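> What follows is the residue order along each chain.
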Amino acid sequence: MSLILALSTALLFSCGTWLLLQRRLSRIIIGLGLLGHGANLLLLLSGRRRGVAPFVGATDGERVADPMPQALALTAIVISFGVTAFLLALAYRSWQLTGDDLAEDDVEDRRIAHDRRVLTDEELTDQEALRAAGAEADAGGEALGEDR
Amino acid sequence: MMRVLLPLPVVLPLFAAGLSMAVARRRNLQRAVGVVTLAITTAVSVAILVGVDRDGPAAAFMGGWEAPVGIALVADRFTGLMLVVASPVLLAVLVFAIGQPGTEQEQPSFHPVYLVLAAGVGLSFLTGDLFNLFVAFEMMLTASYVLMTIGGRADQVRTGMTYVVISLIASVLLVSTVGLLYAATGTVNLADLAVRMGDLPEGVRLAFSLLLFMVFGIKAAIFPLFFWLPDSYPTAPTAVTAVFAGLLTKVGVYCIIRTQTLLFAPDDRPAGFILVIAALTMVVGVLGAIAQNDIKRILSFHIVSQIGYMILGLGLFTVAGIAAAIVYVVNQIVLKSTLLLVAGLVDHSAGSSRLAEVGGLARRFPLLGWLFLLPALSLAGVPPFSGFVAKLAVIQAGFDAQAWAVVAASLVVSVLTLYSMTKIWGGAFWGTPQVLVEPTDDVTRRHGGTVPMLASTGALVVGTLALAVLAGPLVELSQRAAADLLEPGAYLDAVLR
Numbered sequence: 001m002s003l004i005l006a007l008s009t010a011l012l013f014s015c016g017t018w019l020l021l022q023r024r025l026s027r028i029i030i031g032l033g034l035l036g037h038g039a040n041l042l043l044l045l046s047g048r049r050r051g052v053a054p055f056v057g058a059t060d061g062e063r064v065a066d067p068m069p070q071a072l073a074l075t076a077i078v079i080s081f082g083v084t085a086f087l088l089a090l091a092y093r094s095w096q097l098t099g100d101d102l103a104e105d106d107v108e109d110r111r112i113a114h115d116r117r118v119l120t121d122e123e124l125t126d127q128e129a130l131r132a133a134g135a136e137a138d139a140g141g142e143a144l145g146e147d148r
Numbered sequence: 001m002m003r004v005l006l007p008l009p010v011v012l013p014l015f016a017a018g019l020s021m022a023v024a025r026r027r028n029l030q031r032a033v034g035v036v037t038l039a040i041t042t043a044v045s046v047a048i049l050v051g052v053d054r055d056g057p058a059a060a061f062m063g064g065w066e067a068p069v070g071i072a073l074v075a076d077r078f079t080g081l082m083l084v085v086a087s088p089v090l091l092a093v094l095v096f097a098i099g100q101p102g103t104e105q106e107q108p109s110f111h112p113v114y115l116v117l118a119a120g121v122g123l124s125f126l127t128g129d130l131f132n133l134f135v136a137f138e139m140m141l142t143a144s145y146v147l148m149t150i151g152g153r154a155d156q157v158r159t160g161m162t163y164v165v166i167s168l169i170a171s172v173l174l175v176s177t178v179g180l181l182y183a184a185t186g187t188v189n190l191a192d193l194a195v196r197m198g199d200l201p202e203g204v205r206l207a208f209s210l211l212l213f214m215v216f217g218i219k220a221a222i223f224p225l226f227f228w229l230p231d232s233y234p235t236a237p238t239a240v241t242a243v244f245a246g247l248l249t250k251v252g253v254y255c256i257i258r259t260q261t262l263l264f265a266p267d268d269r270p271a272g273f274i275l276v277i278a279a280l281t282m283v284v285g286v287l288g289a290i291a292q293n294d295i296k297r298i299l300s301f302h303i304v305s306q307i308g309y310m311i312l313g314l315g316l317f318t319v320a321g322i323a324a325a326i327v328y329v330v331n332q333i334v335l336k337s338t339l340l341l342v343a344g345l346v347d348h349s350a351g352s353s354r355l356a357e358v359g360g361l362a363r364r365f366p367l368l369g370w371l372f373l374l375p376a377l378s379l380a381g382v383p384p385f386s387g388f389v390a391k392l393a394v395i396q397a398g399f400d401a402q403a404w405a406v407v408a409a410s411l412v413v414s415v416l417t418l419y420s421m422t423k424i425w426g427g428a429f430w431g432t433p434q435v436l437v438e439p440t441d442d443v444t445r446r447h448g449g450t451v452p453m454l455a456s457t458g459a460l461v462v463g464t465l466a467l468a469v470l471a472g473p474l475v476e477l478s479q480r481a482a483a484d485l486l487e488p489g490a491y492l493d494a495v496l497r
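Chains W and P supply the protein sequences, listed in that same order. When you line the first sequence up against my numbering, it's residues 1 to 148, in that order. When you line the second sequence up against my numbering, it's residues 1 to 497, in that order.
Hints in this document: simulated from the structure, not taken from any laboratory. The structure presented is a predicted model; accordingly, all values stated were derived computationally and were not measured. Don't be surprised by glycine CBs; every beta carbon is placed ideally from N, CA and C. Please note: incorrect hints may appear among the correct ones.
Okay, the calculated beta carbon distance ranges per label pair [as the list claims (entries may be wrong)]:
no., chain 1, residue 1, chain 2, residue 2, range
1, W, L3, P, A39, 55 to 63 Å
2, W, V78, P, P270, 32 to 40 Å
3, P, A408, W, G51, 55 to 63 Å
4, W, T17, P, Q396, 40 to 48 Å
5, W, R49, P, G198, 19 to 27 Å
6, P, G70, W, R49, 16 to 24 Å
7, W, G99, P, G64, 50 to 58 Å
8, W, L7, P, G472, 57 to 65 Å
9, P, L29, W, Y92, 29 to 37 Å
10, P, Q396, W, R50, 50 to 58 Å
11, W, L88, P, V437, 31 to 39 Å
Model the full structure from these sequences, guided by the hints.
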């Protein structure tokens, strides 16, 4: 049982990390959710004893489960629930503003890429592609801006 | 007495947040609730500091369950000092926000969320329990997510997303670390952890030390985990940026200092590693600041750079070093908030905080010029201001510990800090007068801001000057606090009885 839990934790963490590295905000949010679940499973796994449910007065000297990790996991679940709701609202706002679900380019990065003068041929092609992509995104953004 | 006082810095703002929500439609009442609550919290903080300085560390147990089972709130001198500095800054920034016209601060949700933030900061300082620390961080951070994106503007959403995602990753790592620590030791109470940590194998102890350093390092914005900060802070409303700059990263530093000194024996602390990180944080932060052309962005990079000094003081792990780090944290909380508020005043009076778009403000608004000049000189470490006292303490501690390379780096960074302060001064305050907008109301036209804005900024500037005048008692108090941190016997006795 512990092995299965440990493997699921590992799976959740790896899938979460992979999704987090994507550019779509919805995937990033799902990734964070998976990471949170992985952490909660880890909390459960950290309990040291198993047994019956740990209610005061309900057991007579039997072996009770360690209640601490369950309390911790419950708290963590509630918190991640609230934060996920906020993230979804934020992603929705971002979609409203940009009309797209992609994480946006950093403004500074784009400016630096734009300002660089001395470049090798290979970099130049790269940069042209980047600039074209940037211009496309700008045009797209403006067009949508006019829509509103 | 302490049993009653300790929960107050958390309970009062939380209760007031609820009240503030209930009276959301009556703006003046809502403002009064916020100001009165934070004023009382400030008084309570002073009482806590006086109490723990006289009688030693105190603990209060929630729900009557004694540690290590129950949740403990613990205050020692370090906690008390942090509370005493943080509460008035929270109060001053709230007054500034009230005085600043603009839709963002006038949202009905601003005051309740701000009070939750205050409660989260208070709980982070007071908690004696690692899991509870996670809860405190979440309280503080969730409030900060809302405050950062409260306007819902495109740039706020873009940078807010980065900020939220990075903070959440740090939170997941913190929960995982807590889980692993519980699996290894069977407790999450900090004092109990300190006792049981010695039973673990050496490698595991080092791993935990580094994990905790990294987790809190993301919140404290140390190199190389700071890239979210200079992007996200400048887009928030001014008052929000000021309180984030003053408090949030310092809470991270507080947690690093607390966990590294309390949980780990002298041989387990990665001192050399911490010193290298400190030097890199200072240098990279200040180089970033030099490249910027916007007052808020310059100051945001300086937040990072100054964190390096605090980590440097900690990395020495001597009484003088940690005392210097504490003095530095105290100074920076006040200084950074002040400077960001001044940046907000520039934004308010001239319509922009970009150096290319404003100029000659010192002639136009002499008061604003003074409000910037005094804390800016202090930040650069020019005598006789408070920043000089703090830098001197760090550098002296570095000399005593013979950490020559880091001390040299810190001196160079200090010069570069002065350079970028002169850059702001030359760009925005000297030169030909240039503003983007003409102020509408009378006081702003003459002095650059409304009365509450100028008064709260002025009060904080006086606070930075007071820190210089009171440098002697402050350094002595910090030395006592640092001695407590390195010899945590009294802390353990207070919690575990």
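> Next step is simple, just say for each hint if it's right about the structure.
Structure-based check of each hint:
1. Distance hint check for L3/W and A39/P: the Cβ-Cβ separation is about 56 Å, which falls inside the suggested range of 55 to 63 Å.
2. Between V78/W and P270/P the CB atoms are about 34 Å apart, so this pair conforms to the stated range of 32 to 40 Å.
3. For A408/P and G51/W, the hinted distance range of 55 to 63 Å is satisfied, since their beta carbons lie about 59 Å from each other.
4. Taking 40 to 48 Å as the suggested C-beta distance range, the pair T17/W and Q396/P conforms, at roughly 44 Å.
5. For the pair R49/W and G198/P, the beta carbons lie near 23 Å from each other, so the given range of 19 to 27 Å is met.
6. Checked against the hint of 16 to 24 Å, the pair G70/P and R49/W passes, with Cβ atoms roughly 20 Å apart.
7. In this structure the hint that G99/W and G64/P lie 50 to 58 Å apart at CB holds, the actual value being about 55 Å.
8. Judged by the Cβ atoms, the range 57 to 65 Å given for L7/W and G472/P holds: they are separated by roughly 60 Å.
9. Take L29/P and Y92/W: their Cβ atoms lie about 32 Å apart, and the range 29 to 37 Å holds.
10. For the pair Q396/P and R50/W, the beta carbons lie near 55 Å from each other, so the given range of 50 to 58 Å is met.
11. Checking the proposed 31 to 39 Å range against L88/W and V437/P shows it holds: the Cβ atoms sit about 36 Å from each other.
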